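Asks: Starting from the structure of chain C, add chain E where the hints point.
There are 2 protein chains.
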Amino acid sequence: MFQFDEETRTQSIGPDQFSAHVHPNWSIGANPNGGYLLSLAMSALHQQAPQHPDPLSVTVHYLRPGLPDQPCTIEAKVLRTGRTLSTCRATLVQDGAARFELMCALGDLGASNATSTLSIPPPAIPAPEDCLPRSAGQQGVALPLLERLDIRLHPEETQAGAAKRAQVTGWIRFKDGRAADARSLLLFADTFPPSVFGLLGPVGWVPTVELTVHIRRRPAPGWILGQFRTEDLADGRMIENGLLWDSTGQLVAQARQLALVRTPG
Amino acid sequence: MFQFDEETRTQSIGPDQFSAHVHPNWSIGANPNGGYLLSLAMSALHQQAPQHPDPLSVTVHYLRPGLPDQPCTIEAKVLRTGRTLSTCRATLVQDGAARFELMCALGDLGASNATSTLSIPPPAIPAPEDCLPRSAGQQGVALPLLERLDIRLHPEETQAGAAKRAQVTGWIRFKDGRAADARSLLLFADTFPPSVFGLLGPVGWVPTVELTVHIRRRPAPGWILGQFRTEDLADGRMIENGLLWDSTGQLVAQARQLALVRTPG
Chain C
1 MFQFDEETRT
11 QSIGPDQFSA
21 HVHPNWSIGA
31 NPNGGYLLSL
41 AMSALHQQAP
51 QHPDPLSVTV
61 HYLRPGLPDQ
71 PCTIEAKVLR
81 TGRTLSTCRA
91 TLVQDGAARF
101 ELMCALGDLG
111 ASNATSTLSI
121 PPPAIPAPED
131 CLPRSAGQQG
141 VALPLLERLD
151 IRLHPEETQA
161 GAAKRAQVTG
171 WIRFKDGRAA
181 DARSLLLFAD
191 TFPPSVFGLL
201 GPVGWVPTVE
211 LTVHIRRRPA
221 PGWILGQFRT
231 EDLADGRMIE
241 NGLLWDSTGQ
251 LVAQARQLAL
261 VRTPG
Chain E
1 MFQFDEETRT
11 QSIGPDQFSA
21 HVHPNWSIGA
31 NPNGGYLLSL
41 AMSALHQQAP
51 QHPDPLSVTV
61 HYLRPGLPDQ
71 PCTIEAKVLR
81 TGRTLSTCRA
91 TLVQDGAARF
101 ELMCALGDLG
111 ASNATSTLSI
121 PPPAIPAPED
131 CLPRSAGQQG
141 VALPLLERLD
151 IRLHPEETQA
161 GAAKRAQVTG
171 WIRFKDGRAA
181 DARSLLLFAD
191 TFPPSVFGLL
201 GPVGWVPTVE
211 LTVHIRRRPA
221 PGWILGQFRT
231 EDLADGRMIE
241 NGLLWDSTGQ
251 LVAQARQLAL
261 VRTPG
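Chains C and E, in that order, are what the protein sequence lines are.
Using this note's numbering, the letters of the first sequence map in sequence onto residues 1 to 265.
Using this note's numbering, the letters of the second sequence map in sequence onto residues 1 to 265.
It should be emphasised that the hints constitute simulated quantities derived from the structure, not laboratory data.
Treat the hints with care, since some could be wrong.
For chains that are exact copies, the list does not tell them apart, and a pair is met inside one copy or across any two.
Taking lysine to aspartate or glutamate pairs in the DMTMM-like style, the calculated list, with each CA pair at most 25 Å apart, reads [unchecked claim]: (1) K175 - D54; (2) K77 - D16; (3) K77 - D95.
Owing to the predicted nature of the structure, the values given are computational and were not obtained by experimental measurement.
Isolated chain C, as found in the complex:
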């Protein structure tokens, strides 16, 4: 069993109730990564609506940081299920307090790679072997999740404060060889450095208020290419847009988050 599957296992403990363990291997600094916590809830929801295996639209509001290396319970509920969609809600609780609230639509993206009527082509960037590994030093916090994920960044975007715009581009895959699937794209959508890093310098932890991810198709095997950009930052609140493409160049996910950033000055 691969690390991601092992460390996002959830167990049914009653109607709409699941238990799991928040593993410490997916943290940014002292906090479990939001995309990882989200993956725990998706694992529970998958047991609730197995006929709709793919997350089409997932929104999560983070209420409090998660607690690493501690148990959690997850309430995971199907609100409505139809032929093509299941609409669901989930809450992850640790130590008696909700850590996030999630709402999503699950469906079936199928194996088909139908031609897109409209799509967004991937940017041209250096191959993974010519990119630079994401490192803790770049962001100024410890990054346990780099033991689990191989993240390579565009060499021209890795110098803090040196960029002309708030953009991060790079490659991502699981370190242990697990193939990316629709569910893991939710994780990948929240594990690149904050896109404001190159523009503003080390900004530490950029807490996400709300994250929405749309999965557009199941990814082909291989590296996932990600590009994250912030074009709207005001009053310490930023909107970051992310795009993910698979190794065949197909757009596989779009993400957007509202996050807090302490702007220098």
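Replies: Same frame as chain C, but now just chain E:
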């Protein structure tokens, strides 16, 4: 009292429970507009968390079409409230069935128009008097909501199927002179024609699966400029991005929705 305020009035009928009437004046074809239904829930939530008057991030999943000219009940609940944010949930029910599920973060955008560190400038388009009113004929369905909203579209984008890309740009305001506020931007984010209209021709009703709107600042008085664009349409599912600016050119909202479209051919 202005029409929008009158027709989104909600009344407390018990703990976390409100009643309202779904007025028939805000429909697209036979269905109440999603942005209007959403506004009913925001009105209820405003009573629950008056200290945080502005919606910062709102996500709604539409489960079934609303029923025009019928009563509704709204469950509106504050999940967590802190110094700067209240995280809330709401469900709108008609005829015993949930019509949508909503999750949002409310806050206080203040009167301040602090300078943005990063922002997106508005496009240059003809003045409202040189744009064309949105009309029912353009989309092939009756549009009662045009009795309530004044919508003027870029003259080069109003011919069905003639555009080179899926984009709709135009102006919007209330017909009765009510000034736009943060809450009404949620409505404005969902009342332009589908952006695929110019590219694909009349597409009828484009049902929204999920809509997320981020309000970035309180708008100045005057027309609101909106631009909506679809760059990702595959397997009958499109991601449409919207931007709204106020009359001073400040970005006031960003929106994204997952919608279903029957592509011709």
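Asks: Work down the list of hints and note, for each, if the structure agrees.
Replies: So, going through the hints one by one against the coordinates:
1. Proximity of K175 and D54 under a CA criterion of 25 Å is satisfied intra-copy only: 23 Å inside one chain copy versus 42 Å between copies.
2. Taking the shortest alpha-carbon separations for K77 and D16, both the intra-copy value of 6 Å and the inter-copy value of 20 Å come in at or below 25 Å.
3. In the homo-oligomer, the alpha carbons of K77 and D95 lie at most 25 Å apart both inside one protomer (21 Å) and across protomers (22 Å), since each shortest distance falls under that limit.
Of the numbered hints given earlier, the model fails none.
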